[in-house]
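Using the sequences and the hints given, assemble the complete structure.
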Amino acid sequence: AQKVTQAQTEISVVEKEDVTLDCVYETRDTTYYLFWYKQPPSGELVFLIRRNSFDEQNEISGRYSWNFQKSTSSFNFTITASQVVDSAVYFCALSEAQGTYKYIFGTGTRLKVLA
Amino acid sequence: EAGVTQFPSHSVIEKGQTVTLRCDPISGHDNLYWYRRVMGKEIKFLLHFVKESKQDESGMPNNRFLAERTGGTYSTLKVQPAELEDSGVYFCASSQVQGISYNSPLHFGNGTRLTVT
Numbered sequence: 006a007q008k009v010t011q012a013q014t015e016i017s018v019v020e021k022e023d024v025t026l027d028c029v030y031e032t033r034d035t036t037y038y039l040f041w042y043k044q045p046p047s048g049e050l051v052f053l054i055r056r057n058s059f060d061e062q063n064e065i066s067g068r069y070s071w072n073f074q075k076s077t078s079s080f081n082f083t084i085t086a087s088q089v090v091d092s093a094v095y096f097c098a099l100s101e102a103q104g105t106y107k108y109i110f111g112t113g114t115r116l117k118v119l120a
Numbered sequence: 655e656a657g658v659t660q661f662p663s664h665s666v667i668e669k670g671q672t673v674t675l676r677c678d679p680i681s682g683h684d685n686l687y688w689y690r691r692v693m694g695k696e697i698k699f700l701l702h703f704v705k706e707s708k709q710d711e712s713g714m715p716n717n718r719f720l721a722e723r724t725g726g727t728y729s730t731l732k733v734q735p736a737e738l739e740d741s742g743v744y745f746c747a748s749s750q751v752q753g754i755s756y757n758s759p760l761h762f763g764n765g766t767r768l769t770v771t
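Going down the list, the sequences are from chains A and B. With our numbering applied, the first sequence corresponds to residues 6 to 120, in that order. With our numbering applied, the second sequence corresponds to residues 655 to 771, in that order.
Mixed in with the good hints there might be a few duds.
Counterexamples of contact, computed for chain A against chain B with all Cβ distances above 12 Å [stated by the list, open to error]:
(1) V19
(2) Y69
(3) N81
Listed below are the simulated DMTMM-like cross-link pairs for lysine to aspartate or glutamate, each with C-alpha atoms no more than 20 Å apart in a straight line [stated by the list, open to error]:
(4) B:K698 x A:E101
(5) B:K732 x B:E711
(6) A:K107 x B:E711
(7) A:K75 x A:E64
(8) A:K107 x B:D684
(9) B:K695 x A:D27
(10) B:K698 x B:D710
(11) A:K75 x A:D27
(12) A:K107 x B:D678
(13) B:K698 x B:E739
Keep in mind that the hints were calculated from the coordinates and are not lab data. As the structure is a computational prediction, the values presented were derived from the model and not from experiment. Note that the Cβ used here is the ideal one computed from N, Cα and C, for glycine as well.
Right, dumping it as structure tokens:
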């Protein structure tokens, strides 16, 4: 069965600390896509990154970086020098083999960055 | 460009009542998705429209839920009669093309928070 696990329910850090949000996935498919979304207090889901199963390159975008490791079925997200504005719920998601936006989401990790 | 718009933002109803949620996708987006997050749990897929047709409704929990997209524009999701376990946040999302594409990301609305008492 396909599944996404975000074991960290809530994380609190002090501003400027680095923080890593874990995401572990299960899938039988050889072709799949992984995503991270941010849900700020306003409620909408904001797209952060997409990765396909053939691209294991890590990615850095400003203070954000992602570590995709097929060997451990993980797609972890690190925020460097966290800021209060990073406070949100972060969701990891997996798309099914059809390559559509029919996602399987994790339960989300609530990140609180304290000033 | 206006984003995905959902109405209402909040709804509180009593068990047994009917509620209709509305989603206006981004103009020109043929693909419309409904998702739901029950308190503290994962966000779950409900269904996918391509224009006015239901492409995939495998996530609809039961026959108390009815989704429509007449004319292939806005969509409604009706819950009748509502039960306590229907409480949660209902998200709508839209995309221009059906497949995952850099040129056609999935855009989510702010969600409708439904509380059934």
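Could you tell me which of the numbered hints above are not met by this structure, giving the numbers in increasing order?
Hint check: nothing fails, all pass.
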